[in-house]
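Trainee: Sequence:
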Amino acid sequence: MTCICSVPKSHSGVKSIAVRVLATTDLHMHMLGYDYFADRPSGRLGLSRAAALIARARQTARNCLLFDNGDGLQGSPMGDYLAEMDDIGARQPHPAIAAMNALGYDAATIGNHDFSFGLGFLRRTLEGAEFPVVSTNLRPHHPLPVQAHALLTRQFHDDQGRTHALRIGVLGFLPPQTVEWERGLKAEIEVQDILLAARTGIAALREQGAELIVALAHSGIGALAPAPMMENAATALAALPGIDVVIAGHTHRVFPSADHPQGPGIDARRGTLAGKPAVMPGFWGSHLGVIDLRLEPLAQGWRIADFTCRAEPVGADEDHPAVTGPALSAHRQTLRHFRRRIGRTERPLSSYFSLIGEDPGLRLVAMAQRWHVRRALRGTRWQDLPILSAVAPFRAGGRGGPQHYTDVPAGRLTLRNIADLYLFPNRICAIRLTGAELCEWLERSASMFLRIEPGKPDQPLIDPEFPSYNFDIIDGLGWQIDLSRPPRYAPDGKLAHPDSHRICALTHRMRPVAPDQPFILVTNSYRLSDSGLFAPVTAGRPVLLDSSCPTREVLRRYVAQRRVLAPNPRAGWSFRPLPGTSVLFETGPAAAGHLDGLSTPVEPAGIAPDGFLRLRLHL
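Read in order, the letters of the sequence shown correspond to residues 1484 to 2102 in the numbering used here.
Hint data in this document are derived by calculation from the structure and do not stem from the laboratory. For glycine and all other residues, C-beta sits at the position ideal for the given N, C-alpha and C. Possibly wrong hints are sitting among the right ones.
Claimed, not checked - Ranges of calculated distance between the beta carbons of each label pair, as one might list FRET restraints:
#1 Asn2051 to Pro1943: 27 to 33 Å
#2 His2101 to Ala2049: 41 to 47 Å
#3 His1624 to Ala2043: 34 to 40 Å
#4 Gly1587 to His1624: 28 to 34 Å
#5 Ala1585 to Gln1630: 18 to 24 Å
#6 His1984 to His1624: 42 to 48 Å
Turn these sequences into a full structure, and let the hints guide you.
Mentor: Set out below in structure tokens:
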């Protein structure tokens, strides 16, 4: 989406400089315009498609800067394959770094997922960069090819064609929670509070003569008011004196955008955070961030006199050679590797109906997790406790758009399908919880749904601010969700309605769950971190297993052992009946071909303006 602003104009009689700042973020190793999960080309993603926008943007602006905002190395089968081969730096540079070198990036920062394959892999990868990699709040215990800040000197031309040497300071930030999310990092690095590190970095850059400071914030757009160790600190960061431009990321949103929420310090139409120009250019190469600055001279240095901001969506351009050159060989090898057959499914595995309780792929992941933990705890004092399995859909529309769903047809299962079913390199973990604690877990998950007024038709079901990856179901339990009650928790995990309880009729093996009844819950390493929606439930609970084995590898082993699978699509939960009440929810348009297989009757209700299929569900 493009913000609605006037194009900056030169001020008559005053020399000024027009500078265009270009930015990518959260590429997640989507180098080419190719959807590995669907195994087909895509015109809506990929650095190679964004590179076409970069080239055009440079053609119409004499003075340009290009930055990347982190999370570029993990998140696609190509990224997984390159990490598995682990020959980066030994024979050739990492394709992502080689492409960024070819495109002439001025600087980049790192995100939390760039640590997913270990510090050794990250170090070898970044050693190939021909541009500075900055991370202001990172404190590694051993050297990394990363610097706290960078001072770029660029020759820019003003409106009269005269040349000026501008000193541009660059800061970079990643979430402090990174050390909790990635195993073993606490012993290797420290990550400071973003705002604390920023103040030190600003002072250092100003002392070195920086005339403009750009913050590469791998951090979401959150509250204006500062708080210690903020994960989403972009707005509070922008409010600091000395920060001139903010590139945000991490949360995979588009900013500026008509769809982005407004709030204190957040102008989602003009594209400002705390009054400063800012962009967040989506994810997977879906958008290019463009900030056009008009700089005017001061007695010392320059000031931003005017600006426009936009997040420009990529189109179906041909893949840019600066990216295809470094990436094409790895792309072909990735396809050969991930097309290998490992099993067979007797029914389609799709996530179109995850949010109304039908997702056979999610059940398959839950079954694999339980299988692994049951074997791991055999012979321990925990082996006789009932084992439950918590899973959440990763690809269920939302910010990813109407094509962002898992859709595996019946038939052969390949490694590509396994990557589709489980996107992230999380590890399998198991903790001990009581029935009361499990109920609170489900209450947090039930924040996905809006409050529904009984007897009213066609009410929206899903809270768009609640990401699907936080919608945990617990396989092995049965329960109902009473939508007539307000959600107990807000999407950010804060207690919103203390007296409200949506979860009712909680059962295990058809018997009511007692508040003090003990269970083993299989979950993942991200859930056991000290941040996120479920942190208050997991904090201090006994950890029975903290496996080194990634969930995706367990899923692969389970499928390979069983060979032929037919997971039941129906989860153990349902909505509490509300007679005379209907809700509308959105899913991918391809879901229309799967309606006959649903156990819950739904009715098509048209296509939404953003391309999603609307379905009506009678409660």
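Trainee: Among all the numbered hints in the text so far, which are the ones the structure does not match?
Mentor: 2
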